[in-house]
Amino acid sequence: MTNLLNRKSQPAIQSLGRIQFPQPQISQLSNGIKVYQFNSGSQDVISIEMVFAAGSWFQKKPFSAMATNLMLREGTRNFSAQKLSETLDYFGAHFENTTERDNAYITLYSLNKHLNNTLPLLSEIVKNPVFPASEYDVIAGKQRQMLEVNRQKVNFLARTHFNSILFGSKHPYGINLEPNDIGRVNTADLVEFHKSQYHSGNCTIIVAGLIKPGLINDLETYFGGSDWSGNSISPIQYLLSGSDQKYNFHQKEGAMQSAIRIGGLMFSRSHPDFAGMKVLNAILGGYFGSRLMNNLREDKGYTYGIGSSVVPLRNGGFFVISGEVGAGVIKEALSEIKFELNRLCTEQVGESELSLVRSYLTGEMLRAVDGPFAQADLYSELIEDGLDISHFEQLTDTINHINAQQLQDLAIRYLNPDDLFTLVVGPEGI
Amino acid sequence: MTEFDRFTLDNGLRVVVHRDSSTPIVAMNILYNVGSRDEHPDRTGFAHLFEHLMFGGSVNIPRYDEPLERVGGENNAFTNNDFTNYYLTVPGHNLETAFWLESDRMLNLAFSTKSFDVQRNVVVEEFRQNYLNQPYGDAWLLLRPLAYKVHPYQWATIGIDPSHIENASMDEVRDFYERFYNPCNAIMVIAGNVETNEIKALSEKWFGVIEKGTVYHRNLPVEPTQTEARTLTVHRDVPYDAIYKSWHMCSRADDGFFATDLISDILSAGQSGRLNQQLVKNLRLFSEINAFISGDIEAGLFVITGKLIKGVSMADAEAALQLEIDEICKNEIAENELQKVKNRVEAMMAFSEMRVLDKAMNLAYYELLGDASLVNSLVHKYASVTANEISVEAKKIFKTENCSTLYYLAKN
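Taken in order, these protein sequences are the chains called A and B. Per the numbering used here, the first sequence starts with residue 94, numbered consecutively. Per the numbering used here, the second sequence starts with residue 28, numbered consecutively.
Here chain A stands alone, though its shape is the one from the complex:
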């Protein structure tokens, strides 16, 4: 039997077929809040994510959006910070607070059997936070120390400085938070930000897990009333004021590695070229077998990891290559990245590589809908951009059908190395 086994050839490859994207159950609370439910999984747990248009885009002072979100759980009308955390921990639940550029999120993770004890806490922190000054001192001090530590890292410096290069340091997507910014925010700012952004007119709820019947009634009880309404402010439009220098260097003395960023402004998810750019990006640096990884890591050993991504935002977006390389090979690394960008612009990708990337991306989509929490994460981005399931169907369609000529056209339009910005953070530039 051993002799019959052909180890040289891959077993027959089965087509991955059509991905069944799960449809959330959509309902609406009396006050208009939309609730999306993903009911599946094997564990008796639930996540309730509340999404607010309360990201750094909406803040008047740097840090105030993030500070407001962090402070929600630090004391409410009916609970001290300590009582909140004691109760939450007692029932084995936890909150996750995240503030991004466009949105802020507060998510409750709970065992179903304790939800009647934990859901009221979520309501309390979202609707009734009081922002005690003493608690704020602790949180702000901690954030300041974390920022100071992060500013020792080339990777962190590269990320924040590159945002400024692309968008301008006054633009909400380009703000580079300084330790002193934290000192300029006080609890009155947080009260104001909470009032303007954390209200029922500015909120979406996404539920995932094994959902018990009657959950929607509980959500109605806690979040469906008119007691926390507010007026959504119309979003401010900011002007881009990015750098006019294509090459930028930020010195970090004594660093053993240099962090690299190369990229440019792009677009939001609804742009017609978004799906094609996802495929092109994968070829360049979007998976382990990508050209950047093959060249700079697997062939040259310059780096532990390098990749690229297309980052869609509500009002725009960007493309970026990022990695850390040995400080001694920075010139060689930049030159290889440029070589790979040029290759995308001048040569058509071969059928074997393209089919590999199609399969990889299809597998990635399958993993992205595997399990209720993954589904909720995937859809949460879509919902916020006002898109629906058809977005994934279009994306899948592009993954399966885009051709080499179309990819080359995209590369010429968006990835010409002479048009992109470069940032090096390390001991020496080029």
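Quick caveat, the hints were computed from the structure, so don't treat them as lab data. Treat the hints with care, as some may be off.
So the derived list for chain A, only partly shown, Cβ under 7 Å to chain B, looks like this [stated by the list, open to error]:
1. LEU109
2. GLN136
3. SER178
4. LEU204
5. PRO272
6. GLY382
7. THR396
8. TYR453
9. THR455
10. LEU459
11. PHE466
Glycine included, each C-beta is placed from N, C-alpha and C at the ideal position.
Place chain B on chain A using the hints.
Just chain B, lined up with the frame of chain A:
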């Protein structure tokens, strides 16, 4: 309750199968019973370097990653002090490609010089990126040899120094492979919408012919009981002073393990943990402080690490921390607080098994400990811990002479 089937091939490969029909994804996890504890003191970091080489092509397959990506799969691996773990997920109907790939690299590697040269560089860059070029990144590299004088846990998985990796030779690579990468030294778990009979047939087909290899008998030096407190002070270019304290604790198989783990939760789990409430919020001595166990299979470390608030003296911070340690040794924990940490453990376990890959990894780990079914008795084990056991374990661990302290101070 995670149900599973188990069988062993004639060559000693242990196979665990868990069925979960709720997902089209199948996870394959292969654990090799070799970690950095099995390394020679002059060749530390070798088990981890070897993990990289496992992706450099096998005897019949020049590239590992590409065929897997071609069927929509994804993979990775990690090495720790105790074992090396390779895992992948793949859309179920292409599972056979995973068997083909994994069996070939268990059968034999290609031992490509090119891959060897490149991966040595990659690992040195990893060493720099994660340990040397990070603020506080070398703390564990300093703490381990302070706490361990004899046992190989004295070095981190990445190794003592990049030179150990730079000096490794191809002969050593071959020797390492022959000693450890054998079916009788591995555990394979498949989790997903699969039938045990189908997995049995695939396992026999692809892995059955691999030679058993020599059984590895681990015989590591025993760390003598620590008899006096140790300290080390370093000055580094970091913004804040930090403290790292470690105490020797029991092994994973010891009855006291569960109480010890709960002690770390009492001190620092969630926002309501004692250290956070007292030292961060009330006294404002630390900006952050954490207690945790190292998670090793053999006798490991109980660790507390904290960063001090600017201007606070190390003596004041350490004295206040000591009061918290004295408290948990002297006064029995209240029933409510004990119930809190038990509830938390129960929830964490539920959240840690959301995907088939999580379940596959857990089953492999507990099978390595001796029995995959341990995974189903954990909640009960934690729930049975009494307040008295917490006190007894705390007193055992937090002896002054059992402690090693690293003072990691800001230069200016």
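Against the structure, the hints:
1. LEU109: Holds. Min distance 5 Å.
2. GLN136: holds, 5 Å
3. SER178: holds, 4 Å
4. LEU204: Interface hint status for A/LEU204: holds (5 Å vs cutoff 7 Å).
5. PRO272: violated, 10 Å
6. GLY382: holds, 5 Å
7. THR396: holds, 6 Å
8. TYR453: Holds, because the Cβ-Cβ distance from A/TYR453 to chain B comes to roughly 4 Å (cut-off 7 Å).
9. THR455: With a closest approach of 5 Å, the A/THR455 hint holds.
10. LEU459: holds, 6 Å
11. PHE466: holds, 6 Å
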